[in-house]
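Starting from the known structure of chain B, fit chain F onto it as the hints suggest.
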Amino acid sequence: MKGISWNCFSTVLLFLGLSQLIACAPEKTGDQPSQKKKYSLYVMMKDGAEYILQTDTIDSGHINPLIQGARVTPSRIFYELIAHNNHYYRLNWKSGRFLQNTIINKEFVQTDSIQLAGTWSVDNYNWLRDTLLLIGYDAKNSKVRYAKMKLEPMKLIVEGEVNLPKPANSFNSMSIGFSTFLNGHLYLGYTYHKTDLNSYTTSDTLYVGELTYPGLKPIHTTKDTRSTYPGGINTRQSHFFTDEKGDFYFIACPGIALGDNPSKPTGIFRINKATGALDPTYFFNLSASPIHNHGYGFWYIGNGKAIVRTERKGLFKGMEDHYLVPHFDFYVLDLAKQTTTRLDLPLDKGTARNCILIENGLVYIAVNPNIGGNYIWIYDPKTSSLRKGMHFDDQVDYILRLERLNP
Amino acid sequence: MEISKELIEKYHNGHCSPDEIKAVESWLFDDEFTDEPTLPLPIGESKARIQNDMWEEISTVLPSRQKPVVQLFFKPFWRQAAAILLVSLAGLTAFYFKTQSTDTGVIIVNNVSETANKDLQESAYSLSVGPKSNVEINNETGRIEFCGAMLINPKRDIELTIQGICVRPDKAIEKMTLKKGQHYIALNYGNASNNNEVIILSQGSLSGLPPLMQRHLMMQFNI
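Protein chains in written order, with the numbering used here: chain B, 455 to 861; chain F, 995 to 1217.
Bear in mind the hints are in silico, worked out from the structure with no lab data behind them. Owing to the predicted nature of the structure, the values given are computational and were not obtained by experimental measurement. C-beta atoms are modelled at their ideal positions from N, C-alpha and C, and glycine is treated no differently. Be aware that one or more of the hints could be misleading.
[As the list claims (entries may be wrong)] Facing chain B, a subset of chain F residues (Cβ under 10 Å, in silico):
hint, residue
1, L1001
2, Y1005
3, G1008
4, S1127
5, N1182
6, Q1197
7, M1207
8, Q1208
9, Q1214
10, N1216
11, I1217
Just chain B, with the same shape it has in the complex (with noise of 0.2 Å):
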């Protein structure tokens, strides 16, 4: 007897690890978790749900997140994520907790954390060789936070507070719009503005500050009043780059998404690397040029060319369809000349999108118009060509994030 039901027991479990070898085969070849993916691609669906894509190509193909991808939770965390070697990490302004994440086999889950001194959300991060620097204003404490980590394994480093003036007069907010190095200073651009929970203005002023590093001491500050609300979260999509020559340039955004100071033009400075100043005679007024309009998304594509991201009036109401309807524009930018030349793309949606990656020379843009499909579009600058690249399922309604995974 006992023989008997041995055997029945062993081939019913060579029958169900059969079977299992056999369903799970063809997905298994492209799911190792050994396997670092180049590419990652985060999707929201028409019905809400957000998934994480990872892939080695993206200039053709179909993908389809519900067979290909990752559910992840909690939702609306894409424009906190850092994307780096294989993890995403983000800061819980819940917890405090800086948290490592990683997809393995199709599941979005933690794999390390860090706890942070206060309540806070990252506006600005940089990397100095394999350390992370995060710097944001903590509004519960008005304080401008930093914390500096390694991060395989997770290890904090240092933390503490910048010392930048705090919000003042009828001011009572801040952001750090944009953080970089510069002959050896940091330099971050920040401005003030005026909220509560149903009310958001910016000062029409940007403030540039110089300072040491590591020692975070106040050097000199520039004020400039040409636009405002100098960078954004580069957390969410790209403000500002360092050129071949090494000049930093950023976007200021006084549209009603970023500064909502919209009198103001949206424009771009630079700062020079030769004298370490923002340029007095450098100001790139897009809202004065052929684009008349106002832009957020700034991306460097090399040779003194950059795109900008740009919204269309009359397209769109306000806040309330801001985000829905399509109404953005890319815009290829002559950085010297100041000179603007549309893309022919579909218009985007999307308020806020890190929807473009430049590799080998070209430019990967992921573009979620309502109608015509949901493409990676791939621009050419020495040729000037579009063509299309990978295809979403018909289902995906924002591609929010495209970013280099692996090496």
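Quick look at chain F alone, frame taken from chain B:
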């Protein structure tokens, strides 16, 4: 013409004049409610005694006519009239109480707190009213008027008309369908170009707001 017991009996026995017939019939089919019962009990007589008298009268005819009890109960015509009157009264009372419940179905929440939310559980949705915000909800019409900020979390798909009343209460707002399980933020948003934009955002489009506003709302409503 006053409708009396005698007149109704006279009508039943077929002895009424055309004017009297008209008066009785218009009384019978009139649904209007009057505070004073048209047919009060005779003064000094108890209800029980009248009932006994009636039953005695009925019992005298029961064996010979062998009519169904229900039909017998409504004889004489005085009882038919009373039944109609009772039914009419019940209907009117029901209508009256229904109207009252519509009045009490209007919920007003005035949150004067500077920091805390006020929560409200309705059968179709839950509501969290932000600090310094006020809300008036009419569950009969599905209309919500508000000034400030609130979070709506529908328990099933519902149609609501959400109207901001801070500044321009006459602005027409269309009915919208809120989906089960989603969070919605309704906000009287004061920005540089419009000091009172009424916006209703699903949890996805909350991301369109300036980051500081988005964080503020997410923190306030813990979403």
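Quick rundown of the hints versus the structure:
1. L1001: Result: violated, 68 Å to nearest chain B Cβ.
2. Y1005: 67 Å, violated
3. G1008: Violated, because the Cβ-Cβ distance from G1008/F to chain B comes to roughly 73 Å (cut-off 10 Å).
4. S1127: Status holds, d = 8 Å.
5. N1182: 6 Å, holds
6. Q1197: 6 Å, holds
7. M1207: 5 Å, holds
8. Q1208: Hint holds; Q1208/F Cβ to chain B Cβ min 8 Å, cut 10 Å.
9. Q1214: Holds - the Cβ of Q1214/F comes within 10 Å of chain B, reaching about 6 Å at its closest.
10. N1216: Holds, about 8 Å.
11. I1217: 8 Å, holds
Checked against the numbered hints given earlier, the structure breaks hints 1, 2, 3 and satisfies all the rest.
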